[in-house]
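Taken in sequence, the protein lines are chains F and X. Under this note's numbering, the first sequence has 346 at position 346, and the numbering climbs by one with no breaks. Under this note's numbering, the second sequence has 109 at position 109, and the numbering climbs by one with no breaks.
Derived from the structure by calculation, the hints contain no laboratory data. C-beta atoms are modelled at their ideal positions from N, C-alpha and C, and glycine is treated no differently. Mixed in with the good hints, there may be bad ones.
Claimed, not checked - No more than 27 angstroms apart at the CA atoms, straight line, and that leaves these computed lysine-lysine pairs for BS3-like:
hint	chain 1	residue 1	chain 2	residue 2
1	X	K212	X	K237
2	X	K237	X	K180
3	X	K286	F	K337
4	X	K498	X	K420
5	X	K366	X	K415
6	F	K93	F	K69
7	X	K489	X	K415
8	X	K469	X	K485
9	X	K304	F	K380
10	X	K97	F	K237
11	X	K153	F	K337
12	X	K304	X	K97
13	X	K485	F	K237
14	X	K420	X	K382
15	X	K97	F	K380
16	X	K438	X	K366
17	F	K380	F	K146
18	X	K480	X	K498
To be verified - Covered stretches of chain X, as calculated for chain F (at least 3 residues, CB under 8 angstroms):
hint	region
19	52-64
20	67-80
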Amino acid sequence: MSDLTKLTLSDALDGMAKGDFSSEELTKAHIDACMDGADLNAFITTTFEDAMESAKASDARRKAGTAGKLEGAPLGVKDLFCTEGVKTTAGSKILGEFTPTYESSVTANMKADGMVMLGKLNLDEFAMGSSNETSFYGPVINPWRKGENLVPGGSSGGSASAVAADLCLGATATDTGGSIRQPASFTGTVGIKPTYGRCSRWGTVAFASSLDQAGPIAKTVKDSAILLESMAGYDPKDSTSINAEVPNWAASCGQSVKGLRIGIPKEYTIDGMPAEIQTLWDEGIEMMKAAGAEIVPISLPHTKFALPAYYVVAPAEASSNLARYDGMRYGLRVDGKDLNDTYERTRTEGFGDEVRRRIMIGTYVLSAGYYDAYYLRAQKVRTRIVEDFENAWQTCDAILTPTAPSAAFAVGRKVNDPVQMYLNDIFTVTTNLAGLPGISVPAGLDKNGLPLGLQIIGRAMDEATVFKAASALEDAAGFTAKPETWWV
Amino acid sequence: MFIAPRIADKKDWITTETGDWEIIIGLEVHAQVASESKLFSGSATDYGSAPNTQVSLVDAGMPGMLPVVNEFCIEQAVKTGFGLNAKINLFSRFDRKNYFYVDLPQGYQISQFEHPIVGEGEIEILPIDGDGNVGEPVNVGIERLHLEQDAGKSVHDLSPDETYVDLNRCGVALMEIVSKPDMRSPEEASAYVEKLRGIVRALGTCDGDMEKGNLRADVNVSVRRPGGELGTRCEIKNVNSMRFIRQAINYEARRHIDILEAGGEIDQETRLFDSVKGETRTMRSKEDAHDYRYFPDPDLLPIKLEQAFVDRIKSELPEMPDVRKARFMSDYGLPEYDARILTADKVKADFYETVISSGVGGRDPKIASNWTMVELFGALNKAGVELEDSPVSADALGGLIDRILDDTISGKIAKGVFEKMFAGEGTADEIIDRDGLKQVTDMGAIEAMVDDAIANNAAQAEKAKENPKLLGFFVGQVMKASQGKANPKAVNEILRKKLGL
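Turn these sequences into a full structure, and let the hints steer you where they fit.
Structure representation (structure tokens):
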């Protein structure tokens, strides 16, 4: 039955609808795959027994004719989403055995649609990282291994690795500066960060509130559309949630891109970028052109300021968002000689190096005397970047760029060089700063046989066009490569 | 940052061997919004509930929880802004004020820093000295009003080595009303707080209960030579009664003067007022001051008020204390003193207007004000009972006044009746009937008592014919004989006739 794990989400849902197999069989197959794939370290917590119970209940619902959009699909959940009764760690030691009494809005939507949750997926600690090496629960290994262990990207490394290795049909992820799209690019999967406000942030552990957005990592563009349709939706419990209907995005996949104007920003060619990335990008342009799209050169002049601005705004918000992890009410507590000592010991022992680094950066840029020079200036850059895109939309409908400046790299190579690590986000942070939807689609392999992704960026609230263009790119690229299953 | 052009009244100067000093005072008043639920969560705000029974996941700072603003609180802030004659800002924003403490689960307080919901305004106060003398009116500028969350409560005295935390209050909406440094004496400061209290109570935006901490003041005090350079200020935190405000200012001003005259310098610091010892002491120095790292709260959108919303609130405002006072003087002919006392608080003013307007055809406003202020407020004060819990209702007091006005009882008898009413013995009519207190107005009976009194005091009667001052003696005799029930006016008239005065 192991071929059930090779199915796409879309095909698996069809198969269950037709009665070819049950959710129980499908779930069992994925649980077996998860157990085989334990070396990938993709999961922090598995919930196999609950998953089997859910699958049975799902089969009963299907029989009763009340199947939901994700009915019976075994999926993974990034361990940043709070799940009722299931330990939620955010990849950090500081949350200890924290087990929420509540369910995040995103996963609640998915459970209401019939999701079968296989477990909680590994991630960079508090979603801070681009390689999944900052997790307290150890690094996630990319199924695409070439001689040495490679990182799956981050922060949604567990999600990307699990989907690429067919451990689950799809997974939730989150993206603050590229944490969905860069791992998707590193693992040959599809990942979309929707428009800011599409998915409720309620019940998702916060990293940087003004940038955080949930989205799926999936095997295909259509699968990602199906998942996002379930995850998204207005939530009055999140003041930044957008009150808008969720369109039928799956229907956008496969639509013609004839006449669609695709912008190519000249500023996304950067020094030191591997030639194969440029080549892949050029190929992508040709593919879109061949599919009938019109290619338009555009300029996003403030792009070079995006990464520095991002690494001011995100840590600033994080330094405040993470203040609640103080050892007083839940999670780790390391007693000290007085209150301040307890705070210091708890947070020093509970947070890893990267999280501490960002808390310190964030604290610094918000401090009296530095606020104007850093935080305020970064916000001004943010406004300029929004304007850059506004101008671009005058002449194009979507933008095509590389997703990441490199393919997956070896575990341990960049972990001690934060600036090198931060450069991973160079093509993805702009959409977070501007709140726009962006998707990564696997478009080819590099000379080492590692997957590379291309990114399509769309107008705010226009995921439909993003899915349409991404689906055309997916068809044209015909990316079918799969990693060898060395981990079994 | 601030300028303080007004020089204090000379009577408020503090004169020492080195010369004169004046006190510069500014206040930050925290007024708890009278709302059913908290500023950013649905938790209840009931006072005195069991610890940690009014705490939502948001209040407890659980991972992934998000604030959602309570629109009712926004409306109350706008209302209060109008009460302060202040500018309503159509654009305002919530910021995070970051610091660590056990009663602050989020690790930051959501407040408004750069863009408060209410801007500059002004109110007029009437300072009253210890002898009840009313000073000249003083205008006190309002710098701003902003909304913020209250913190929880740390309880240090339940255990010798542990601190308990009650989060019931955590997240409750506060309006912080910041004055300009426009007050120059302890009396002005307490008059200002009294005035604010009257305004928020009239509006119903805060219950003004200082004992429960629902209205509390941070007092900024500095001293200078009259009209001279501003001195360094100290902030005294959380002073929660009018008397303590005056005491704290007096103590703090003296402390500053003593230091300055000894050649020292004032350290800018935050201080606590010890109401038992009547002194202030250091809470934290400037060096220990927090850097709160304010920045806009990314979990909340800016507040953009529509003009129509603001206009509607304005059109629905109740009468403000100053307007009501003017109306009490012009419509009811009350003296300034009566009008001021009665309108200082909405409950008092409402009570008074019920007294004069209930009953048939209305009641004499001045008699009603005397009975309300002197007798009822006096009795309540003595008994330590709030007007809301008065054993004598406005209608009942009106009923008593009716019996005075229709000569059923004298004013003197009425005081006795009132005491019994206050003790819960019944209505005025019930007590008058029960105790047979109805005034004797039978002229024949009074005449007989007058004749008896003259006959029994013949010598005095002869003198009285020469010296009308002795009339009082006979009035007393007759009233005594009637057990106080004879109509004093009739007694006077008949006596005068009989004695040929």
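Right, here's what the structure says about each hint:
For the proposed pair K212/X and K237/X, the alpha carbon gap of about 16 angstroms is at most 27 angstroms, so the pair holds. Distance restraint check for K237/X and K180/X: the Cα-Cα separation of roughly 17 angstroms lies within the 27 angstroms cut-off, and the hinted pair is therefore satisfied. For the hint linking K286/X to K337/F, the alpha-carbon distance of about 25 angstroms falls within 27 angstroms, and the restraint holds. As the CA atoms of K498/X and K420/X are separated by approximately 37 angstroms, the hinted pair breaks the 27 angstroms bound.
For the given pair, K366/X sits about 16 angstroms from K415/X by alpha-carbon distance, which is consistent with the 27 angstroms threshold. For a cut-off of 27 angstroms, the pair hint linking K93/F to K69/F is broken: about 35 angstroms separates their Cα positions. Under the criterion of a C-alpha separation no larger than 27 angstroms, the hint pairing K489/X with K415/X is consistent with the structure, at around 18 angstroms. Of the supplied pair hints, the one linking K469/X and K485/X holds, its CA atoms being roughly 23 angstroms apart against a limit of 27 angstroms.
Taking the CA atoms of K304/X and K380/F, the gap is near 21 angstroms; set against the 27 angstroms cutoff, the hint holds. As the CA atoms of K97/X and K237/F are separated by approximately 22 angstroms, the hinted pair is consistent with the 27 angstroms bound. At roughly 22 angstroms between alpha-carbon atoms, K153/X and K337/F fall within 27 angstroms of each other, so this suggested pair holds. At roughly 21 angstroms between alpha-carbon atoms, K304/X and K97/X fall within 27 angstroms of each other, so this suggested pair holds.
Taken as a hint, the K485/X and K237/F pair is broken in the structure, with Cα atoms around 71 angstroms apart against an allowance of 27 angstroms. Distance check on the hinted pair: K420/X and K382/X sit about 15 angstroms apart at the alpha-carbon level, within 27 angstroms; holds. Restraint check: the Cα-Cα separation between K97/X and K380/F comes to about 22 angstroms, which is no more than 27 angstroms; the hinted pair holds. Restraint check for K438/X and K366/X: satisfied, since their Cα atoms lie roughly 24 angstroms apart, inside the 27 angstroms limit.
With a C-alpha separation of about 43 angstroms, the suggested pairing of K380/F with K146/F is violated against the 27 angstroms cut-off. Taking the CA atoms of K480/X and K498/X, the gap is near 19 angstroms; set against the 27 angstroms cutoff, the hint holds. For a cut-off of 8 angstroms, the count of residues in the region 52-64 of chain X with a CB near a CB of chain F stands at 6, and the three-residue condition holds. Given as covered by chain F, the region 67-80 of chain X passes the check, having 3 residues with a CB less than 8 angstroms from a CB of that chain where 3 are the minimum.
Violated hints, in rising order: 4, 6, 13 and 17; the structure is consistent with all others.
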